[in-house]
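Undergrad: For reference, the chains in residue letters:
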Amino acid sequence: MPWFKRKTDGSEGKASTVQIAEGLWIKCDSCKEIIYRAEVERAGRACPKCHYPFRISARERIALLADPGSFEERDTNLETTDPLGFKDTKKYRDRVRAAAQKTRTDEAVVTGLARIGGLPSVLCAFEFGFLGGSMGSVVGEKLARAIELAIDKHVPVVIVSASGGARMQEGILSLMQMAKTSAALERLGARRLPYVSVLTDPTTGGVTASFAMLGDVILAEPRALIGFAGPRVIAETIRQPLPEGFQRSEFLLAHGQIDAIVDRRELKETLRRILAFFADRPSAAG
Amino acid sequence: MPDALDFEQPLLELENRITALQAEDSPRARDEIPRLEERLARLRQRTYASLTAWQRTQLARHPRRPHTRDFFRLLFEDFVELHGDRLYGDDAAIVGGLARFGERRVVVIGQQKGRDTREKLARNFGMPHPEGYRKALRLMQLADKFAKPVITLVDTPGAYPGIGAEERGQAEAIARNLRGMAALGVPLIAVVTGEGGSGGALAIGMGNRVLMLEYAVYSVISPEGCAAILWGDAGKAPEAAESMKITAPDLLRLGVIDTIVPEPLGGAHRDWEGAARHLREALRAELGALAGRSRETLVAERYDKFRRIGAFEETAMPAPGA
Ligand SMILES: [Zn+2]
Chain A
19 MPWFKRKTDG SEGKASTVQI AEGLWIKCDS CKEIIYRAEV ERAGRACPKC
69 HYPFRISARE RIALLADPGS FEERDTNLET TDPLGFKDTK KYRDRVRAAA
119 QKTRTDEAVV TGLARIGGLP SVLCAFEFGF LGGSMGSVVG EKLARAIELA
169 IDKHVPVVIV SASGGARMQE GILSLMQMAK TSAALERLGA RRLPYVSVLT
219 DPTTGGVTAS FAMLGDVILA EPRALIGFAG PRVIAETIRQ PLPEGFQRSE
269 FLLAHGQIDA IVDRRELKET LRRILAFFAD RPSAAG
Chain B
799 MPDALDFEQP LLELENRITA LQAEDSPRAR DEIPRLEERL ARLRQRTYAS
849 LTAWQRTQLA RHPRRPHTRD FFRLLFEDFV ELHGDRLYGD DAAIVGGLAR
899 FGERRVVVIG QQKGRDTREK LARNFGMPHP EGYRKALRLM QLADKFAKPV
949 ITLVDTPGAY PGIGAEERGQ AEAIARNLRG MAALGVPLIA VVTGEGGSGG
999 ALAIGMGNRV LMLEYAVYSV ISPEGCAAIL WGDAGKAPEA AESMKITAPD
1049 LLRLGVIDTI VPEPLGGAHR DWEGAARHLR EALRAELGAL AGRSRETLVA
1099 ERYDKFRRIG AFEETAMPAP GA
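Protein chains in written order, with my numbering: chain A, 19 to 304; chain B, 799 to 1120.
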């Protein structure tokens, strides 16, 4: 399922399912409690009452996981050439520029070298606010380069996904990024370098059907939508209502598709333990 | 002919007139036939030289187009079908097995659409479940173990979007195939014979060589799906087909496929033998070219092939901290 935007939907790539008002108090979209905004920020943008993790930007994700000051961003200088000359209501290149301006990221994924609890790694985080985190040529290229950088530096890879899938405006070329990223991970694996995939809300389509499901360890945040086909497409195909909790993290865990669901507050420490397990030398808590 | 497409209609009318005149066998008819035949040839040339992306989509989905098992029968000998993923079930939407192609022994795999209603249902319209993809990978790895080339025929609207498919890991099955094909130490030749429907097509399509029949299409989402998303109207599929660049010439230009396999004039459904003959020649050439390459070379070349696909430009890196 490629990421898409309905013509009638003006909320392009609006990241959060919760309406974070400008005021001090916000309403949790999950438990409907009125919660204090500062508390949400302190909890890593999760609900302090029900721990529902709100969607966060790639920058916020990196701040959450990378040791302070350790993130060295790479490959911010790649730009689509609009190979299809794609135009719907807007020109594709204008869409990309608007997304870059809005999110202050160059594309739908941010990649670089980082330390996580003292352990060196390549860290990639998706920016859902950038055209729904969709994967086009630049995202595929940035991921492939990041994985090749990990091979070169002999470090593990962590990818935090939040994406609607392939980017329709790049057509078949976006589909081919699934092959490219999966092949790069095959190389990484052949060098016995670990890859931890973190699935966040939402991870669907061609992203799920390629690198996101190829982790040596696959973690998910609670209640994230994770699947191949989007729920709307499935409901229209089978013409019956979908079961409660369908395609949520808990559903995938119950069906043996992921290793663990990790609370956002514990994500960094969990990653540190996993990376330490696979490291050449075991390391103490960092 | 039943199942004629709109743009085939004028051609068929002319053909019928010629047939009728041939039956008449009068001096008038003998006079008229060569004139009509010339007109038919010209019209045919013109129609098929300027097919739109949507017309090609219709040809790719033509109810009488040869399907995977038809091509198996026309191209291969000593076929033994192998079933099941050894985990859960056997998916009839993907067929595969052992076969002989001339002097070579090959493993063949492809999505299978149904011809009549009963078969369509049994084959789930060629839309595989995870079991189908896992069977395909099992057969590819069997080929790898015994150093036999793999030929895949791609013809699917897409991987099935259903509850069971999601429960059993549709995304994981496709992803695992992509990684598995990247590691394959034998030649893998993928041929898009009809509809190349998104990830469900690519899941068996990561070939050292990717071929495409002349009127086949290959896209990230169906034209109907794209139209529904962009304009909220699946009826605008012809426009969507055009803007997504899904035809064989488009994909050759974008570097996604290596070769276009010609189809008989009017399309593969008009002449199965003719279509198979062209494909046989293409496969023979590709297998011959890849024979004798080491496992390492095949893996490295496949990596480079897909590593290069994409369109972007690299600007000067901004100064640090800028
Ligand atoms: Zn809550």
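Hints were generated in silico from the structure; no laboratory data involved. Treat the hints with care, since some could be wrong.
[What the hints assert, rightly or not] Pair by pair, the computed Cβ-Cβ distance ranges are:
| id | chain 1 | residue 1 | chain 2 | residue 2 | range |
| --- | --- | --- | --- | --- | --- |
| 1 | B | ARG1091 | A | HIS172 | 36 to 42 Å |
| 2 | B | THR1095 | A | LEU82 | 42 to 48 Å |
| 3 | A | GLY87 | B | GLU879 | 57 to 63 Å |
The structure presented is a predicted model; accordingly, all values stated were derived computationally and were not measured. Note that beta-carbon positions come from the ideal geometry of N, C-alpha and C, so glycine has one too.
Undergrad: Against each hint, give a clear statement of whether it holds in the structure.
TA: Results of checking the hints against the structure:
1. B:ARG1091 x A:HIS172: 36 to 42 Å: For ARG1091 of chain B and HIS172 of chain A the Cβ distance comes to about 29 Å; the hint is violated.
2. B:THR1095 x A:LEU82: 42 to 48 Å: 43 Å, holds
3. A:GLY87 x B:GLU879: 57 to 63 Å: 60 Å, holds
The structure does not agree with numbered hint 1 stated previously, though it agrees with all others.
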